Each structure stands twice: as C-alpha cells, then as structure tokens.
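Participant: Read off the chains here:
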Amino acid sequence: MTWQLITADGVEAAHGLAADEVLCRQVGAGRSPATLRLYTYRSHCALVGRFQNLAQELHLDYCEGHDVQINRRPTGGGAILMGRDQLGITVALNGRGPAMHGRARDLMEQFSGGLLHGLQQLGVAAKFRGKNDLEVGGRKIAGLGIYRDSNGGLLFHGSLLVDLDVPLMARVLRTPFTTIGNRELRIIAKRTTTVREQRGDSIGIEDVRQCVANGFEESFGIRLQRSEHSDEELAAIDALAQDKYFTRAWLHQRSNVPDLSGRQSIRTDAGSIEARVSMAGKTIKSAILLGDFFADEDAIVDLEGRLRWHSSDAAAIEETIREWAYATSTNGLDPVAIAKVVLAATEGATEDIDDTVPYGCFVTPTQPTTPTDG
Amino acid sequence: MNTEPVFDTPDDRHYSREHNIWAQRDDTGRVRVGVDSFLLSSLGELAYIALFDPGMAVTRGHSIGTLEAAKMTTSITAPISGIITAINEAVLADPQLINRDSYSEGWLAELDPTNWEAESSQLVTGDDIPAWAEESRQRLSDEAEYKG
Numbered sequence: 004m005t006w007q008l009i010t011a012d013g014v015e016a017a018h019g020l021a022a023d024e025v026l027c028r029q030v031g032a033g034r035s036p037a038t039l040r041l042y043t044y045r046s047h048c049a050l051v052g053r054f055q056n057l058a059q060e061l062h063l064d065y066c067e068g069h070d071v072q073i074n075r076r077p078t079g080g081g082a083i084l085m086g087r088d089q090l091g092i093t094v095a096l097n098g099r100g101p102a103m104h105g106r107a108r109d110l111m112e113q114f115s116g117g118l119l120h121g122l123q124q125l126g127v128a129a130k131f132r133g134k135n136d137l138e139v140g141g142r143k144i145a146g147l148g149i150y151r152d153s154n155g156g157l158l159f160h161g162s163l164l165v166d167l168d169v170p171l172m173a174r175v176l177r178t179p180f181t182t183i184g185n186r187e188l189r190i191i192a193k194r195t196t197t198v199r200e201q202r203g204d205s206i207g208i209e210d211v212r213q214c215v216a217n218g219f220e221e222s223f224g225i226r227l228q229r230s231e232h233s234d235e236e237l238a239a240i241d242a243l244a245q246d247k248y249f250t251r252a253w254l255h256q257r258s259n260v261p262d263l264s265g266r267q268s269i270r271t272d273a274g275s276i277e278a279r280v281s282m283a284g285k286t287i288k289s290a291i292l293l294g295d296f297f298a299d300e301d302a303i304v305d306l307e308g309r310l311r312w313h314s315s316d317a318a319a320i321e322e323t324i325r326e327w328a329y330a331t332s333t334n335g336l337d338p339v340a341i342a343k344v345v346l347a348a349t350e351g352a353t354e355d356i357d358d359t360v361p362y363g364c365f366v367t368p369t370q371p372t373t374p375t376d377g
Numbered sequence: 005m006n007t008e009p010v011f012d013t014p015d016d017r018h019y020s021r022e023h024n025i026w027a028q029r030d031d032t033g034r035v036r037v038g039v040d041s042f043l044l045s046s047l048g049e050l051a052y053i054a055l056f057d058p059g060m061a062v063t064r065g066h067s068i069g070t071l072e073a074a075k076m077t078t079s080i081t082a083p084i085s086g087i088i089t090a091i092n093e094a095v096l097a098d099p100q101l102i103n104r105d106s107y108s109e110g111w112l113a114e115l116d117p118t119n120w121e122a123e124s125s126q127l128v129t130g131d132d133i134p135a136w137a138e139e140s141r142q143r144l145s146d147e148a149e150y151k152g
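In order, the protein sequence lines correspond to chains A and B. What the first sequence shows, in my numbering, is residues 4 to 377, in sequence order. What the second sequence shows, in my numbering, is residues 5 to 152, in sequence order.
It should be emphasised that the hints constitute simulated quantities derived from the structure, not laboratory data. A quick note: this is a predicted structure, and the numbers were derived from the prediction, not measured. Treat the hints with caution; some may be incorrect.
As the list claims (entries may be wrong) - Over the 12 Å line for every Cβ pair with chain B, so calculated as not near, a few chain A residues: (1) Asp70; (2) His120; (3) Asp152; (4) Asp168; (5) Glu200; (6) Ser230; (7) Glu277; (8) Asp305; (9) Ser315; (10) Thr331; (11) Ala340.
As the list claims (entries may be wrong) - Simulated restraints on C-beta separations: (12) Thr118(B) - Met4(A): 34 to 44 Å; (13) Thr32(B) - Arg99(A): 30 to 40 Å; (14) Glu322(A) - Phe11(B): 17 to 27 Å; (15) Gly13(A) - Asp30(B): 47 to 57 Å; (16) Pro14(B) - Glu326(A): 28 to 38 Å; (17) Asp337(A) - Arg21(B): 46 to 56 Å.
We put the CB at the ideal spot given by N, CA and C, even for glycine.
Could you put the whole structure together from the sequences, leaning on the hints where they help?
Facilitator: Following this line, the structure appears as structure tokens:
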C-alpha cells in the first residue's frame, strides 16, 4: 500500500487549513490517495479549535499588532501557536470501509502510533495519554485531533513541538494567569517539552520530518511516495480558503453553548486544594488542581487528564476520582475532598469572561502551585 | 469497571447505514433526524454542536452541521434530502441532551423531505433493523485498524 507524502513550509493559516480539508474531502471521495502531509506554518499562526471563542483564547490585539495570523481549525481541542518550529501532521484517509466505522479512539491510537514511532527514531520516548495528547514524562509534546466529514474522509491532525518560544506563546494565547512573569512562564514550560529539549540539540525540522514519515510507514505498514498537490486539489484549496477560511463568518462564529469557568478552594489535612475548571456548557474541558498540598505530580497530571472532556454530572465525577484514587498513589490526599472541590467549582461556574480559564493546547499548566493572581 | 455498552435501536424509524443518523417521519410528512446510539458510542460526551439554519436545502449524504465530542469532531450527515424547517434549539445550548436522550428530546433537525419515497428505501428500517444493529455492534466491538 502506498500513500502520498506532501510536504510544505511557511504555509499561510487559511491555505494550510484549507489544504487539510480538501485532502480529507478528496481522499474520502476516492479522488486522491491516502495522504500524509508534514508541514510548517509561517511564523506565526494562532489556530483555535473548531468551536472556540477567538477573543477568549487569543490576545487579539497582540496578534494584530505582530502579524500573527489567526484562524479556526476543523478539528476540536485547544488553541495552538504554529510556526517554523512546530511540525503540522495531517493524515487523510478514506473512512468509508466497514473496519473504519466508529472506534475513533482505536484509530487515534494508530495515528498517534505513527508519531510515537517517529519520536522513537529521534530518541524521544513519548506516550499517548488522556484523549489526545502525546507526553514525555507528563509533559506535553504533541496535541492530536480527528475530524470526519460527510464524504467519509477522516482527517487526523497533530502539532508536534520541535521547539517552542514559551514567552511568545503566552503573549499570543490567553493563559489561566492574570499576569505573566518568569514564574508563570516556568510553570507553563514545565508542562510542555520539545524534541530539541529532549534531545539536547538543535535538530533541524527536515530531520524531524523524515523520522516522522518513517514512523508512519512503520505504524501503518505503508510506503510513502513524495508527491505534490494535484491541479484539482490546488484549485479547490484556493477556493476553500477564499470561501471559508478567510471569511469573518468562519473566524468569528460563536456557539450557543456557553463557555463557563469556575474555581473553588478547600482546606484539608493535606493542605489547601484549589480546583479551576473550564467548561463547555455541562462538559468539563479542562480541570486544574492547585494548592500547597504534597502530591506526586504525575498523579495530579493523571487526574487532570481523566477529567478532561468529562461530564460534570456529580456521580460521574465521583466515580472517576474514586477510580483514580484506586489506581494511583494519592499521598494522603482525600479523594472525597477532591471530588467535593471539583464539583463545587463546576456548580459555581459562570460565564464571566474575566474569570475565564482559557483552553490552550499547550498553555494549561497543571503544577500543584498557586498561581500569582492569588 | 468496563461494561458492555447497550445499543438501543427503536423500530419506529429509519437509519442511515453509513452515517448513523436516524430519520422519523410524522403524520404531517415532516421528518425528524438525530444521532443513533452507535455514533453516540463512537463520539463520547458531546460538547458543541452547530446546525444549518431553517430554510436551507440539504442533500442526502451532505452535511447539515458539525459536532464536537470528547473523541472527535464530525460532520452530521443528512440521511435524506429536504428543506430544514426547524432545528432543536435545546441541543444547541446543551449538546449533552443528545447523550441523555438521542432518540427523543435530543433530536437535531426537522426536514420537509423532497424525495422521501426513493431515499427512505435506502435506509434501514422494519425487519432489517436487528441484523443491521448486530452488524454495527460487532463492528464497534472489533478492533478498528486501518488496512488500506
């Protein structure tokens, strides 16, 4: 089985996203072969998830003043900053076959397998965690997403941090902090890692791209053949960029589902715990646990991962935290108290934008440390 | 604790085989559409939904909106052609209504069909539902792997 491999660098935001969507559509309709696209955006582009509110996730004034292009992905998840040091990974497959029906999780694991094999070749031991993250020692190195179109096309998106300018990211993406100083930047940096940091060198994007391509060949048992967009694809990409990705209607759309944020603190024998939640209506998008308690950082990261995209139903939260406590060393943290504070944060969540916890792919810290606004 | 999911397929409606959307025609000829339990199982908790506005013409096999769920974002595919006459405002504000009750309160849109007789014959209904449901259940329990 042969897939086409398409590479590009310095891609504009609208055309980069349009190219992915066109590939998904063409491959789904059987007009293009299965495709792996490995590319970089121009420095820099800020891309929000399918239903995110631009103003809530991005510092729009900064973007406008510093030539940061903004756009909206067809895939869900959090806002990301892309540029020459972040590798965009797209796999477009025909999802019409019976074995492709549903089971997004299994397919996501196979997709992430390609990336994991590539990272392995680079000497980086990452693992799939939560619903759509690749992490190294609890620090996020890539974010993943899936989109399925009506044609049967399946689009897998990934953004791999080859390197990251954390101060720039904090100026472009809104963070859970009200002010950004060295301490906050350290907290964010500690929750993310990059290929270059892991390797301790300045490996070039081309070498990373080659290893990722090799990883997909291994994971999917396919051969890649270098290719270019067909004339039909190029015309469709340009049309879609104009008709959709450049339009205000696409960029500034708002969902009827309110974005809510809540926080609540509790004192326990093990220390104080603060829960901060970001919610889409009744769904917890992310939960952060802060405070002066002592706990295994991995255990806290694990719990936050379990609560991501989780129902705010009380019984469901309690069950998840019970399962977490059963599977993890909680260092004396009382799971009942944690459930209580998380529930209180969800129940008190409001639409107050000044109190909003943004949902950035790489900017949501999970250190058990009190943020500076307190 | 892992429990086998329960898939419900009421026999009073039609189902699109590939896109897992149900369609139910009422006495006035209008057709309500919604998400079936197999698609719901693949998606997980729903967070956001966008639907085309009433008055828009939709074609069978084409998108009528988009859903973002825990596991993926997906286009919602029209099982039949028609004009959208209503959308369920309640699910726009609370998409988890679909998780709670996808066959009744969690309906998505209502259409005035333009080709019901021909198109509904391509949907699964009546005595064909049990075999289709079993096949769908089996697909979900088999490990999905891309084989080209």
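Participant: So which of those numbered hints doesn't the model satisfy?
Facilitator: Hint check: 3 and 9 fail, others pass.
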